[in-house]
Amino acid sequence: MYRGKYSVIIPFLAPPLILYAVFVLYPYAQAMYVSLTHWSGVSPTPQFVGLRNFARLVRDDYFWNALSHNLIYLAVLPASILALGFFFAFLLTQGVRGAGFYRIVYFFPQVMSVVAVGVLWSFVYHPTLGLLNGFLRLIGIQNPPVWLGNPSTALLAVGAVVIWQAVGFYTVFFIAGMESIPTTYYEAARLDGATGWHLFRHITLPLLWENVRVAAVFLAIGALDMFGIVQTMTEGGPSRATDVLGTYLYENAFKHSQFGYATAIAVTLFVLVLALSLLVMRATVRETVEY
Amino acid sequence: MASVTYEHVTKRFGDVVAVNDLTIHIEDKEFLVFVGPSGCGKTTSLRLLAGLEEADEGNIYIGDRLVNDVPPKDRDIAMVFQSYALYPHMTVYDNMAFGLKLRKVPKAEIDRRVREAAAILGIEDLLDRKPKQLSGGQRQRVAVGRAIVRDPQVFLMDEPLSNLDAKLRVQTRAELTRLHQRLEATFIYVTHDQVEAMTMGTRIAVLRDGILQQVDTPQRLYDYPINTFVAGFIGSPAMNFFPATLVQENGELYVDGGTFRVQVPPSRKEAYLPYSNREVIFGIRPEDCHSEQFVPPGVREARVRAKIDVVELMGSEIYLYCLTGNKQFIARVDPRTRVEPGDEMDIVMNMDHMHLFDPQTEMAIR
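The listed protein sequences derive, respectively, from chains A and B.
Read left to right, the first sequence gives residues 0 to 290 (numbering that gives the first Met the number 0).
Read left to right, the second sequence gives residues 0 to 365 (numbering that gives the first Met the number 0).
Incorrect hints may appear among the rest.
[As the list claims (entries may be wrong)] A few chain A residues facing chain B, derived, Cβ under 8 Å:
#1 Asp59
#2 Asn132
#3 Ile202
[Unchecked claim] Derived lysine to any residue pairs resembling SDA-like cross-links, with alpha carbons at most 25 Å apart:
#4 B:Lys100 x A:Arg200
#5 B:Lys129 x A:Gly94
#6 B:Lys72 x A:Pro181
#7 B:Lys131 x A:Arg200
#8 B:Lys166 x B:Gln152
#9 B:Lys106 x A:Pro181
#10 B:Lys100 x A:Gly94
#11 B:Lys103 x A:Gly94
#12 B:Lys72 x B:Phe12
#13 B:Lys72 x A:Gly94
#14 B:Lys129 x A:Pro181
#15 B:Lys28 x B:Tyr60
#16 B:Lys100 x A:Thr194
#17 B:Lys129 x A:Leu18
#18 B:Lys131 x A:Glu209
#19 B:Lys103 x A:His197
#20 B:Lys131 x A:Asn210
Since the hints were made in silico from the structure, they are not lab data.
Predicted model, so just to flag it, every value in this text is computed and none were measured.
Even glycine gets a Cβ: it sits at the ideal position worked out from N, Cα and C.
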């Protein structure tokens, strides 16, 4: 049975391992190296500078500014999206008429590309021609905010778009989970004296905990990224009010040709994401539930 | 503790009438069994009482209280589900305590009741386990325990033994009966297994297609089935039925099955007389058909010549699949009977236990 098993395993395992090494591990390693260099991106030989890029990072106000925005998003977005997704999923599994229709409508934003969403919402937020301000004027608000042009509203406006886009997916995600919970648990709990809130708190939430964990990790990683939507809507502006690590590293790399420094930001981001994922998984660990 | 009353209760699912005009009064402390084939409405009847379904028509009372609009949690009932429905993320202790916690029972009291119930069921050492760490029989006990701790007025049980293996089922059957005697509560029990119904119920309600056929004690249900359905459903192997004619000759009544003719006992003559010279269905249970070699004393004999088709040895008895003409019937005979397939022999029927049914209405003629 086991004799010669490697002659089977190796041919199957080798191709994916080689691909993974060439396209994942090697670039990672290369990025680690580049982050220790001074490199314009075009010269053939990056100049090794040790940890100087990271030292600069620590003193760079723009870096901290960008990171703070990521952290704000991290604090707000996953929680809001999870809460809304759970809320809608719970509503749509209570036998609402037309639940299938709502499900599809909620899911729409998810199938659009981030760039399309960004452009679309830039129009919606347009100070004079936008749908939003048009509506606000209609209900009597004379000087509605310039959403993306005002540093005090831009961060919020971009975050709202992300929520809008993501809620549908997590609604469907949680609906799938909720529908796999046998109804007898709810019936037993109702006989035990549970009301709507109890059912949610003591049955739905604990039984969907694995789904919540996965969603939380995805959303946390997403909140540390945010590059696509910010880049298409504001490019980090106005006056860096929506700058995130992604846009700031892009700016350093492709506008200022500081690839070494940009890569140092990227490596920092990588470490942050890794640490955060582990933290979320650890903090939310529960015994796996089977039924 | 309380009685339960269904008053003209009807429940439809779309075009299907699951429960059709059910009227039944269940006494306090009774062990009533709803029995019938799948889809007969027995589980729906139970769920209506639990409040998990809403009746389209009729009233349901627990004690004197009309509960039609009372939510499940306020009906003071507990239910054991077929799947047990133990909360998978909670320990056995928490499963049992959940209902009490929601009802804001003091912690010490919860602890006392959970441990007491666990002691009754012999599951004290399982309290810290999760349901997935339990065997089927243990889960079943926990499900019962969860019902007991609530100390409800009425216990509802929906086929609680159907997921257990045969041996455990027999054991648990007796335990549930004992539990009923100990708790002195009203039990309403649903099963498709007539053996469970016969062994556990103080009364049995037989349902078919949502319609209540007969409610009575197990013995009376067995002795006096009201129609061919109940007659065929209660008892195993099922009662034998023969299409026959009732003929009157020289002042005596005979059942003429074409290939056999058996005499009606004098005590039944008066009741059957109106049906003389009419078609009837003749019913006799396999246990009232004896082999000619071993006829117990006191049997009102009527002999039917039969060809033996199949011999099933059960140990304590033998099932003979007999043919009279091309009509098959089963005889449950003494295990000492010596017979081979293909043999011909007289099967002796005990006519004191005969049944006669009207072929049009399928109702018993009495």
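These are the hints, each one checked on the structure:
| no. | hint | verdict |
| --- | --- | --- |
| 1 | Asp59 | violated (47 Å) |
| 2 | Asn132 | violated (48 Å) |
| 3 | Ile202 | holds (7 Å) |
| 4 | B:Lys100 x A:Arg200 | holds (14 Å) |
| 5 | B:Lys129 x A:Gly94 | violated (31 Å) |
| 6 | B:Lys72 x A:Pro181 | holds (19 Å) |
| 7 | B:Lys131 x A:Arg200 | holds (21 Å) |
| 8 | B:Lys166 x B:Gln152 | violated (30 Å) |
| 9 | B:Lys106 x A:Pro181 | violated (29 Å) |
| 10 | B:Lys100 x A:Gly94 | violated (28 Å) |
| 11 | B:Lys103 x A:Gly94 | violated (30 Å) |
| 12 | B:Lys72 x B:Phe12 | holds (24 Å) |
| 13 | B:Lys72 x A:Gly94 | holds (21 Å) |
| 14 | B:Lys129 x A:Pro181 | holds (17 Å) |
| 15 | B:Lys28 x B:Tyr60 | holds (15 Å) |
| 16 | B:Lys100 x A:Thr194 | holds (13 Å) |
| 17 | B:Lys129 x A:Leu18 | violated (43 Å) |
| 18 | B:Lys131 x A:Glu209 | holds (17 Å) |
| 19 | B:Lys103 x A:His197 | holds (13 Å) |
| 20 | B:Lys131 x A:Asn210 | holds (20 Å) |
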